[in-house]
Amino acid sequence: MFFLIFMSKRFRFGLIGLLQITILNIFAQDIEQKQVSVSTEKTSLIQFLNKVSTENQVQFYYKKEWFEGDSIALTISDIQLGRLLDKISDSRAIMWLPISEDAIVFLPKDQVATLLGNMVDMSGSKNINTVEVGKMSEAGKYANVILKGTVKDGKNDEPVIGASLRIANTNIGCMTDANGKYQLRLSPGIYEVEVSSVGYEKNVWKVKLISTGEFNPEIFEKSTKIDEITIYAKRADKNVRSNQMSLIDLDSKSIKQLPSMVGGKDIIKSFTMMPGVKSVGEFGSGINVRGGGDDQNLYLIEGAPLLNTSHVLGMMSVLNPDIVSNVALYKGQIPANYGERVSSVMEIQVRENNIKNFHVKGGIGLYDGRVLVEGPISKKVTYKIGGRSSYSNWLLGVIPDANIQKSAASFYDLNSYISWAGEKDRVSLFAYYSNDYFRYARLQAYNYGNILGSVNWNHYYNENLSSTGVLAYSNYSAEKDEIEVESESSSLKTGVQYFSGKYNLRYTGFSSHSIDGGLQVIHYNVSRGEMSPYNDLSIIPSSKLEKEKAFENAVYLNDSWNINEKISLNLGLRYSAYFTVGPKTQLQYLSNSYTEDAIIDTVFIGNNKIGKKYFGLEPRVAAKYQFNNQTSVKMSYNRNYQYITMLSYTAISIPSDVWKLADDYIRPVQSDQYAIGFYRNNKENTIETSVEFYYKNLSNVTEFKNNAVVEMNPYPEQELLNAKGQNYGIELMLKKNKGKWDGWISYTYSRSLRKAISTGSGNINNGKEYPSAFDKPHDLSILANYHINKRWRMSFNFFYSTGRPFTKPEKVANIENGNKIVLYSDRNKYRIPDYHRLDFSISMDESLRKSKKWKGSWTFSVLNVYANHNTYSIFYKKEAPSAKNNYNQFSLYKLYILGIPLPTLTYNFIF
Amino acid sequence: MNAIVKIKRFVCQCGMFFMLIISISSCQEAYTDDDTTNDKKVLVVNGEITDKPGPYKVTLTYASDFGSDKVTYVSGATVFLHDDKGKNVPMTEKTRGVYSTDSAAIQGTVGRTYYLYIKLLDKTLYESKKQKLVDRDYTDSIYAEYGTYDYTATGTDGNIIKKTLEGIYVYVDIKSNSPETKCFYFSKKVVWQYTRSLNIPGQMPQPMYFRQVINADNLPDAKATQLYNGMQVIKKHLLFFVPYNVDNTNGIDSLNWGPYSSQGWVSYVFISGITKEAYKFYNDAAAQLSSGMQLFDPIPSQVNSNVYCKSDSTIPVLGLFKVYTQKNKYKAFMWYPTLKHVIEKDVIDPGPLVNDTFISRPQPYWVFFN
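Sequences listed follow chains A and B, in order.
Be aware that the first sequence starts at 833, since it is given in this note's numbering, and climbs by one per residue.
Be aware that the second sequence starts at 119, since it is given in this note's numbering, and climbs by one per residue.
To be clear, the hints were calculated from the coordinates, so they are not data collected in a lab.
Possibly wrong hints are sitting among the right ones.
As the list claims (entries may be wrong) - Below are the DSSO-like pairs computed for lysine-lysine, each with C-alpha atoms no more than 27 Å apart in a straight line:
1) A:K1652 <-> B:K307
2) A:K1652 <-> B:K428
3) A:K1376 <-> B:K354
4) B:K248 <-> B:K237
5) A:K1325 <-> B:K354
6) A:K1661 <-> B:K158
7) B:K353 <-> B:K447
8) A:K1661 <-> B:K188
9) B:K188 <-> A:K1709
10) A:K1652 <-> B:K248
11) A:K1709 <-> B:K159
12) A:K1537 <-> B:K248
13) A:K1537 <-> A:K1652
14) B:K175 <-> A:K1652
15) A:K1587 <-> B:K428
16) A:K1661 <-> B:K428
17) A:K1537 <-> B:K175
18) A:K1652 <-> B:K281
19) B:K158 <-> A:K1600
20) B:K307 <-> B:K394
21) B:K281 <-> A:K1238
22) B:K248 <-> B:K205
23) A:K1661 <-> B:K159
24) B:K247 <-> B:K175
25) B:K159 <-> A:K1587
26) A:K1587 <-> B:K158
27) A:K1600 <-> B:K159
28) A:K1537 <-> B:K247
29) A:K1537 <-> B:K394
30) A:K1537 <-> B:K158
31) A:K874 <-> A:K896
32) B:K353 <-> A:K1325
33) A:K1652 <-> B:K212
34) A:K1034 <-> A:K1188
35) A:K1685 <-> A:K1193
36) B:K445 <-> B:K250
Unchecked claim - Here are a few chain B residues that face chain A, going by a calculated C-beta distance under 8 Å:
37) T154
38) D183
39) S419
40) K428
Here a beta-carbon is modelled for each residue, glycine too, at the ideal position from N, C-alpha and C.
Hey, can you work out the whole structure from these sequences and the hints?
Laid out in structure tokens, this is it:
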């Protein structure tokens, strides 16, 4: 049974009530085939229908006003009634519907998309495959139904993340989520559904949507056209239409298009070519987002945080590009379901496993090699396991330096991903392990690594309600061995353990709202230092700093509200509660000056007793106004709290950096960010432009006093200063997505300033504002790809940025024994010279023949094509003694990393 | 070793290491700019008081601009040395910028506290922190071990070649029953003594005696004790390395010389018991001076003086007023390739720290090892 309700009074029929759909089908067949004859001069349509009714014993029901003034002239003999009515309705905004053996009802087309066989057809007249979705028994039951499903790669059945679905001739569309799933709310009808994704052929289906149901389209990688390679695998107009701003989104196809760095693709470093994302130095570890430190970025892999992102001190990222399907970097407008950091969230998703076949994928480069195997275990269970290892030790042996030859360097990482998919549930297990070892001569050795694990459980309660539960574990540990002096050799261990449980519910039952809500519990366990003698001959005493423990809990709610086609809001609220847990020994000071002189007492917080508490309300608000399909403006406000910071004594983070939890004296960092952006696409979304302004206000930023020592320091508050910060900037992006030439130009003007709050001694620059180490006002990146043919591609990357700030020696003084000391300038008073570099690469992609089992691709790249000696750091040292310099003079020197064009060659394969 | 020094050195090493992995193309080159802007005068104080008889000196200069050798002495200042017994001893300017006590006016005493008062002509006031003269309650031992030292050099063909030197490493051990950490500063000089035969045609070969002073104070060398088995200990702290064959042919190549013989080294080690403030100063200075290729650009270590400007705390001051006790230790060492061990000899009078060349007979302080 269905109850046909016309939503407007204007179209409410009194004569149509309860109808039986099965009967309808029978009526339809009988009455449509009834042979009728009619002949009339030009007359009104109402009179014509009356005539047909009288002559053929058929009742017609309609509202007179629909046909008033309408006329018709027909002379037809012996025609089926159905065909006659088609002739009448084809040229009019009405449709007809049999409701009994001898009754027909006319209905307006644009208001009624109801009954089977007579649906509103929005598909145009293309002759394409038609798919029927929904249950016949539910036809016409609902005014709005859900079209949902999963977009899959036809080659391997893997979900395609970020694929775009668009309903032709409408403004309706969406993108697939991290699991390749999508959901659209539509009226029943016939639609032309376009499905596309970067690197895939666009495909179109005619979908007859009867009621809520699944449609799982398969798309295939591009194999023929060369003029449609798109850089971003996202909906072409996502930047304009999406409610999200300040987001950089890369999927596996986009990653494939990225230029090569040292050792091949480097996903994390590639983000530095985007507006608002910078790196302190060439090959430095981590990234700086909108003027924040690397520790202010939350790197999440399958929900587990990655606490050190670099192999070999920043030479390459720990992220194996083969396992990644999608990376989203939120620079601002961070959704309320994310917290923990104040600058950005980088969400990294592992590529779904191949559910059809066993595959091996890998690559060989100059410094490392990698391999990945994947395939199905059963119909529901799939696996992926892979690893990467360096073999750079050979290089050390040939370098003509005694110390280097005695050195060692190696790294490896392992990962596995197992997923199980049921009808309504999906569970995945992710595990990751990385290890780095290097030793410099017989002086110092380093061993550090990450262990990550997570369990993700997705459950679909019904078409409107789904949930995601994540249990995550992350462990970063570092060991530094001082081995130069046997009697003082030592081993220092530091680390962080992180446990998290998160549960998220998503409700999409409201037509214009998409609501997320959830809660999260995080437990931190920080080992700030454990020193032990390296061997029996060492007199270094064993010592251990107390571990720091804390809980960070949060509840959140996020509503993505599409008010109408032009206006949408994103309203989020996160409430975080943080408290430290004993045992903990802490000092009490006389005043806010945390110095040795001001100590008045020592207090002890017992085991599992709660110490310091912090609570934070973190509102997240964003709005979008869409002028038209090509243009929109968005704005957002974000407040974030960060309860754990990294105490990095250097501009670029190194493995020995120690994480520190907020406590009585080191307060949580607070960030308030305001942003506004303007987005416009041209030429059918093949040209994207955007401008974003942001202003970020930071509180409780940690800065070091001069000569600060935090290693094995139980009371680091004595070495640190509380600072305020303000970061602001404008980010411009111009991107061409298609054609033989594609690429982008990204330009950012930004400032990142700090001001230490005076605590007496050791204040920085006498309390004046100064640029942070990440302050590089001008930053320009240009990427240009030229697609020579189907497989060959050339890339050019150009980078320019203002030199970063540094502190320069200004004065020099003699001390005893002929030694000199210098007086440095105010902190970060000067800048190193501007940076610019051109890279080139040429790639031969894998064979396009689907039948070929072994497929290989080559990438040859040259970094720093014109051999610019970009300044990495500036330092001073004593000149070689000569009469000219009076045997004792200091001079400034600059260090550069790439002095010559550096070639690299990588071979990737899959079979 | 001080943590900052370690960090700095680590950073430096990582830099070298990293660079050489990715490419041997990386390098350093002189950096010149003309944007340095600091016209302010920065006072440099170098002064001391010990438990040995005075006079004690304080030298006042202004720091020179970076890259310049120009030393500007500060004249006309009013300088006083104070102790915790209320004694105020004026220091008079003996030579330009050098202020001195009268020899009988004051003598440093262990356990007493001293500080300096300075008033410049422009009325700016400076004072040093109050520091206690520490005791001499410790034992020390200086000894040597054979070892090699590897380094690389550029060969005549321009290629980098590896070289190894044989020689001796000289160490110091210190022990004290004190319950508290003790801080020391080591200043050291080495005299390399050797003989060579001068072959003059028609004459008997004439042995000549040489002594050459080597400054081993490349970096300020301060060290604090560790608690070990109930004692405050410094164990096997490296003082310096001296190679067996010193390639020293300056100025005498044209003569017909025989081989080196009777080679030995006489070490002059001045062990100063210093305050914690001075220890920090020396470590900060060492961290500065050892900073090299700083790949990760650590925050510069500003060397904090124990003298501060009383008139305006934002005005920086450089230098150190050093309050210390000192022991002078002299020891001679010898080793040669066929010798199984290092020969050590205590020396009472090592002679002056001057170079002696072309001496035809051994000086009274010449150390004989056999």
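Hint check:
Only pairs whose Cα atoms come within 27 Å are accepted, and A:K1652 paired with B:K307 is accepted, the gap being roughly 18 Å. Proposed proximity of A:K1652 and B:K428 is supported: the alpha carbons are some 24 Å apart, at most 27 Å. Restraint check: the Cα-Cα separation between A:K1376 and B:K354 comes to about 24 Å, which is no more than 27 Å; the hinted pair holds. Of the pairs offered as hints, the one joining B:K248 and B:K237 holds, with about 17 Å between alpha carbons and a cut-off of 27 Å not exceeded.
Our distance criterion of 27 Å between C-alpha atoms is met by A:K1325 and B:K354, whose separation comes to about 24 Å. Of the pairs offered as hints, the one joining A:K1661 and B:K158 holds, with about 15 Å between alpha carbons and a cut-off of 27 Å not exceeded. At roughly 17 Å between alpha-carbon atoms, B:K353 and B:K447 fall within 27 Å of each other, so this suggested pair holds. At roughly 24 Å between alpha-carbon atoms, A:K1661 and B:K188 fall within 27 Å of each other, so this suggested pair holds.
Between B:K188 and A:K1709, the direct Cα distance comes to roughly 18 Å. Compliance with the 27 Å bound is thereby established for this hinted pair. Distance hint between A:K1652 and B:K248 is fulfilled; the C-alpha atoms sit about 24 Å from each other, no more than 27 Å. For the hint linking A:K1709 to B:K159, the alpha-carbon distance of about 23 Å falls within 27 Å, and the restraint holds. Taken as a hint, the A:K1537 and B:K248 pair is honoured in the structure, with Cα atoms around 23 Å apart against an allowance of 27 Å.
Proximity of A:K1537 to A:K1652 is assessed by CA-CA distance (about 22 Å); at most 27 Å being required, the pair is judged to hold. Restraint check for B:K175 and A:K1652: the C-alpha separation of about 19 Å stays at or below 27 Å, so the hint holds. Pair hint A:K1587 plus B:K428 holds up; C-alpha atoms about 25 Å apart against a cutoff of 27 Å. Simply put, A:K1661 and B:K428 have alpha-carbon atoms about 25 Å apart, close enough for the 27 Å limit, and the pair holds.
A distance of roughly 32 Å separates the Cα atoms of A:K1537 and B:K175; the hinted pair therefore is violated under the 27 Å criterion. With a CA separation close to 30 Å, the supplied pair A:K1652 and B:K281 exceeds the 27 Å bound. For the hint pairing B:K158 with A:K1600, the CA-to-CA distance comes to about 18 Å; that is within 27 Å, so the pair holds. Distance check on the hinted pair: B:K307 and B:K394 sit about 24 Å apart at the alpha-carbon level, within 27 Å; holds.
A distance of roughly 14 Å separates the Cα atoms of B:K281 and A:K1238; the hinted pair therefore holds under the 27 Å criterion. Distance hint between B:K248 and B:K205 is fulfilled; the C-alpha atoms sit about 13 Å from each other, no more than 27 Å. For the given pair, A:K1661 sits about 18 Å from B:K159 by alpha-carbon distance, which is consistent with the 27 Å threshold. For the proposed pair B:K247 and B:K175, the alpha carbon gap of about 17 Å is at most 27 Å, so the pair holds.
About 25 Å separates the Cα atoms of B:K159 and A:K1587, which keeps this hinted pair within 27 Å; it holds. For the given pair, A:K1587 sits about 23 Å from B:K158 by alpha-carbon distance, which is consistent with the 27 Å threshold. With a C-alpha separation of about 20 Å, the suggested pairing of A:K1600 with B:K159 holds against the 27 Å cut-off. Proposed proximity of A:K1537 and B:K247 is supported: the alpha carbons are some 20 Å apart, at most 27 Å.
With a C-alpha separation of about 19 Å, the suggested pairing of A:K1537 with B:K394 holds against the 27 Å cut-off. Distance restraint check for A:K1537 and B:K158: the Cα-Cα separation of roughly 22 Å lies within the 27 Å cut-off, and the hinted pair is therefore satisfied. For a cut-off of 27 Å, the pair hint linking A:K874 to A:K896 stands: about 18 Å separates their Cα positions. About 23 Å separates the Cα atoms of B:K353 and A:K1325, which keeps this hinted pair within 27 Å; it holds.
Our distance criterion of 27 Å between C-alpha atoms is met by A:K1652 and B:K212, whose separation comes to about 24 Å. With a C-alpha separation of about 22 Å, the suggested pair A:K1034 and A:K1188 falls inside the 27 Å cut-off, and the hint holds. Taking the CA atoms of A:K1685 and A:K1193, the gap is about 12 Å. The hint holds against a cut of 27 Å. The suggested pairing of B:K445 with B:K250 holds, with an alpha-carbon distance near 17 Å, which does not exceed 27 Å.
Interface hint at B:T154: satisfied, since its Cβ lies 6 Å from the closest Cβ of chain A, which is below the 8 Å cut-off. Contact between B:D183 and chain A, as hinted, is supported at the beta carbon level, the nearest pair being about 6 Å apart and thus within 8 Å. Contact between B:S419 and chain A, as hinted, is supported at the beta carbon level, the nearest pair being about 5 Å apart and thus within 8 Å. Hint status for B:K428 relative to chain A: violated, with the closest Cβ pair at about 14 Å, above 8 Å.
Consistency with the previously given hints fails for numbers 17, 18 and 40, ordered from lowest to highest.
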